[in-house]
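**Student:** For reference, the chains in residue letters:
2 protein chains.
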Amino acid sequence: MTNHNLSIVQIEIIVMRKIILSLATSLDGYIEGPNGEVDWMVFTEDTGKALGKFLDEIDTILYGRVSYEVWGSYIPPETAAPFEKEFYLRTGKMSKYVFSASKTNFLGNPVVVQSEIQQSILAIKQQPGKDIWLYGGAGLITTFVNLDLIDEYRIAVMPIILGSGKPLFADIQKRVKLKLSAANSSDSGFVELRYLRQSD
Amino acid sequence: MTNHNLSIVQIEIIVMRKIILSLATSLDGYIEGPNGEVDWMVFTEDTGKALGKFLDEIDTILYGRVSYEVWGSYIPPETAAPFEKEFYLRTGKMSKYVFSASKTNFLGNPVVVQSEIQQSILAIKQQPGKDIWLYGGAGLITTFVNLDLIDEYRIAVMPIILGSGKPLFADIQKRVKLKLSAANSSDSGFVELRYLRQSD
Numbered sequence: 001m002t003n004h005n006l007s008i009v010q011i012e013i014i015v016m017r018k019i020i021l022s023l024a025t026s027l028d029g030y031i032e033g034p035n036g037e038v039d040w041m042v043f044t045e046d047t048g049k050a051l052g053k054f055l056d057e058i059d060t061i062l063y064g065r066v067s068y069e070v071w072g073s074y075i076p077p078e079t080a081a082p083f084e085k086e087f088y089l090r091t092g093k094m095s096k097y098v099f100s101a102s103k104t105n106f107l108g109n110p111v112v113v114q115s116e117i118q119q120s121i122l123a124i125k126q127q128p129g130k131d132i133w134l135y136g137g138a139g140l141i142t143t144f145v146n147l148d149l150i151d152e153y154r155i156a157v158m159p160i161i162l163g164s165g166k167p168l169f170a171d172i173q174k175r176v177k178l179k180l181s182a183a184n185s186s187d188s189g190f191v192e193l194r195y196l197r198q199s200d
Numbered sequence: 001m002t003n004h005n006l007s008i009v010q011i012e013i014i015v016m017r018k019i020i021l022s023l024a025t026s027l028d029g030y031i032e033g034p035n036g037e038v039d040w041m042v043f044t045e046d047t048g049k050a051l052g053k054f055l056d057e058i059d060t061i062l063y064g065r066v067s068y069e070v071w072g073s074y075i076p077p078e079t080a081a082p083f084e085k086e087f088y089l090r091t092g093k094m095s096k097y098v099f100s101a102s103k104t105n106f107l108g109n110p111v112v113v114q115s116e117i118q119q120s121i122l123a124i125k126q127q128p129g130k131d132i133w134l135y136g137g138a139g140l141i142t143t144f145v146n147l148d149l150i151d152e153y154r155i156a157v158m159p160i161i162l163g164s165g166k167p168l169f170a171d172i173q174k175r176v177k178l179k180l181s182a183a184n185s186s187d188s189g190f191v192e193l194r195y196l197r198q199s200d
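These protein sequence lines are chains A and B, in that order. Under our numbering, think of the first position of the first sequence as 1, with each following residue one higher. Under our numbering, think of the first position of the second sequence as 1, with each following residue one higher.
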């Protein structure tokens with residue numbers, strides 16, 4: 001009979017927080033209509049649940065200047081849908097970063113990143129916490145794509161061709177190859193496409 | 001006991017042939033790179049099978065002038081993949097229509113439609129046959145979207161952001177609401193999104 005000496009080795013794996021770009025586009029790739037319209041986005045109970053689940057995954061939100069000014073401290077009206085109120089109640093409590101070279105003071109006191117975006121992002125990712133939502137707008141998304149800072153893309157494609165508006169992807173400097181990780185269609189008619197970096 | 005007089009009524013339902021737009025785009029909605037590149041499209045055995053299945057459904061192809069001149073009578077080189085040879089062998093035998101206001105003579109003698117597109121399409125759809133493939137290019141697709149002639153959209157979204165190129169949807173005059181009918185992801189990383197007219 002042999003004697004087994006068992007030793008238990010504890011391995012700690014540090015998974016870095018991901019930067020997730022998550023938003024809705026039309027089938028022709030617009031995030032807003034020509035006059036800023038977002039009325040074409042499907043908002044159902046379905047969407048509310050999906051958004052709630054997404055908020056469980058994150059605790060930090062990244063905004064461009066304009067997006068923050070419009071949505072960063074937004075309080076929905078009394079008449080808003082319950083899921084919308086819930087959404088802003090929850091995002092209101094999260095850590096917020098605004099990327100702006102020109103402006104340093106914002107309502108609600110978000111952290112302002114004026115330069116050295118890559119280093120700032122690395123620092124944020126090394127802090128403990130949940131994943132990080134790259135909210136937008138289009139200019140900040142362009143910067144993040146071109147600096148290869150996006151770990152995951154989640155694009156909810158709405159069942160409409162808008163024809164014109166603000167495109168999600170503009171001024172992209174070179175091809176970005178991606179790896180499909182999921183494609184989930186919702187009862188309300190949109191499809192969420194998820195991609196990781198191809199190298200991941 | 002009652003006497004039942006049964007009469008059998010034969011109902012013939014005529015399902016009109018559908019116009020199907022079927023093509024591949026990048027995640028940012030381009031059908032070609034800035035210099036006409038299509039090297040980013042995923043072509044695997046998988047793709048070959050899907051294409052073969054699609055060809056079972058159609059017997060007629062609609063081209064714009066340029067697309068026909070490049071692809072309408074294309075014969076792949078000896079070194080081409082078997083599925084590619086098979087593809088052009090099969091499409092070579094199908095009915096072909098070229099939409100061109102200026103040119104009337106084409107290699108392979110396709111039917112040329114010079115004007116009155118809506119009436120021509122209605123006439124084609126009323127002929128018996130399988131479904132009809134709207135092949136492209138972008139100009140013809142724009143015309144068909146704006147005239148509301150597309151019955152089904154099948155867009156294979158490839159897992160890449162190209163950054164620039166020729167967009168699938170350009171010069172669309174008004175919003176087109178669609179109804180998601182399927183979203184099928186392939187092992188090779190693309191997702192085929194299928195839509196019908198919202199009114200269908």
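Please note that the accuracy of each hint is not assured.
All copies of an identical chain are treated as equivalent in the list; a pair is satisfied when it fits inside any one copy or across any two copies.
Stated by the list, open to error - Cross-link-like lysine to any residue pairs, in silico, SDA-like; alpha carbons within 20 angstroms at most:
hint: 1; residue 1: K93; residue 2: Q114
hint: 2; residue 1: K177; residue 2: A156
hint: 3; residue 1: K53; residue 2: R175
hint: 4; residue 1: K125; residue 2: G33
hint: 5; residue 1: K166; residue 2: D131
hint: 6; residue 1: K49; residue 2: K93
hint: 7; residue 1: K179; residue 2: V42
hint: 8; residue 1: K179; residue 2: Y97
hint: 9; residue 1: K177; residue 2: T47
hint: 10; residue 1: K166; residue 2: G92
hint: 11; residue 1: K177; residue 2: S120
hint: 12; residue 1: K103; residue 2: L122
hint: 13; residue 1: K103; residue 2: E152
hint: 14; residue 1: K174; residue 2: D187
hint: 15; residue 1: K166; residue 2: T47
hint: 16; residue 1: K103; residue 2: Q10
hint: 17; residue 1: K174; residue 2: G33
hint: 18; residue 1: K49; residue 2: R65
hint: 19; residue 1: K93; residue 2: S185
hint: 20; residue 1: K53; residue 2: V9
hint: 21; residue 1: K85; residue 2: I11
hint: 22; residue 1: K125; residue 2: F43
hint: 23; residue 1: K85; residue 2: Q198
hint: 24; residue 1: K18; residue 2: A170
hint: 25; residue 1: K125; residue 2: S102
Because the hints were derived from the structure by calculation, they are not lab data. Just so you know, these numbers come straight off a predicted model, no measurement behind them.
**Student:** Next step is simple, just say for each hint if it's right about the structure.
**Tutor:** Hint by hint, here is what the structure shows:
{"no.": "1", "hint": "K93 - Q114", "result": "neither (23 angstroms within a copy, 62 angstroms between copies)"}
{"no.": "2", "hint": "K177 - A156", "result": "both (19 angstroms within a copy, 16 angstroms between copies)"}
{"no.": "3", "hint": "K53 - R175", "result": "neither (31 angstroms within a copy, 30 angstroms between copies)"}
{"no.": "4", "hint": "K125 - G33", "result": "neither (33 angstroms within a copy, 34 angstroms between copies)"}
{"no.": "5", "hint": "K166 - D131", "result": "neither (26 angstroms within a copy, 35 angstroms between copies)"}
{"no.": "6", "hint": "K49 - K93", "result": "within (19 angstroms within a copy, 50 angstroms between copies)"}
{"no.": "7", "hint": "K179 - V42", "result": "between (26 angstroms within a copy, 12 angstroms between copies)"}
{"no.": "8", "hint": "K179 - Y97", "result": "neither (28 angstroms within a copy, 37 angstroms between copies)"}
{"no.": "9", "hint": "K177 - T47", "result": "between (28 angstroms within a copy, 18 angstroms between copies)"}
{"no.": "10", "hint": "K166 - G92", "result": "neither (26 angstroms within a copy, 40 angstroms between copies)"}
{"no.": "11", "hint": "K177 - S120", "result": "neither (24 angstroms within a copy, 41 angstroms between copies)"}
{"no.": "12", "hint": "K103 - L122", "result": "neither (22 angstroms within a copy, 58 angstroms between copies)"}
{"no.": "13", "hint": "K103 - E152", "result": "neither (28 angstroms within a copy, 48 angstroms between copies)"}
{"no.": "14", "hint": "K174 - D187", "result": "neither (35 angstroms within a copy, 25 angstroms between copies)"}
{"no.": "15", "hint": "K166 - T47", "result": "neither (22 angstroms within a copy, 32 angstroms between copies)"}
{"no.": "16", "hint": "K103 - Q10", "result": "neither (47 angstroms within a copy, 75 angstroms between copies)"}
{"no.": "17", "hint": "K174 - G33", "result": "between (26 angstroms within a copy, 11 angstroms between copies)"}
{"no.": "18", "hint": "K49 - R65", "result": "neither (28 angstroms within a copy, 48 angstroms between copies)"}
{"no.": "19", "hint": "K93 - S185", "result": "neither (30 angstroms within a copy, 36 angstroms between copies)"}
{"no.": "20", "hint": "K53 - V9", "result": "neither (34 angstroms within a copy, 53 angstroms between copies)"}
{"no.": "21", "hint": "K85 - I11", "result": "neither (41 angstroms within a copy, 53 angstroms between copies)"}
{"no.": "22", "hint": "K125 - F43", "result": "neither (31 angstroms within a copy, 36 angstroms between copies)"}
{"no.": "23", "hint": "K85 - Q198", "result": "neither (36 angstroms within a copy, 30 angstroms between copies)"}
{"no.": "24", "hint": "K18 - A170", "result": "neither (23 angstroms within a copy, 34 angstroms between copies)"}
{"no.": "25", "hint": "K125 - S102", "result": "neither (24 angstroms within a copy, 59 angstroms between copies)"}
In summary, the structure is inconsistent with hints 1, 3, 4, 5, 8, 10, 11, 12, 13, 14, 15, 16, 18, 19, 20, 21, 22, 23, 24, 25 from the numbered list given earlier, while agreeing with the others.
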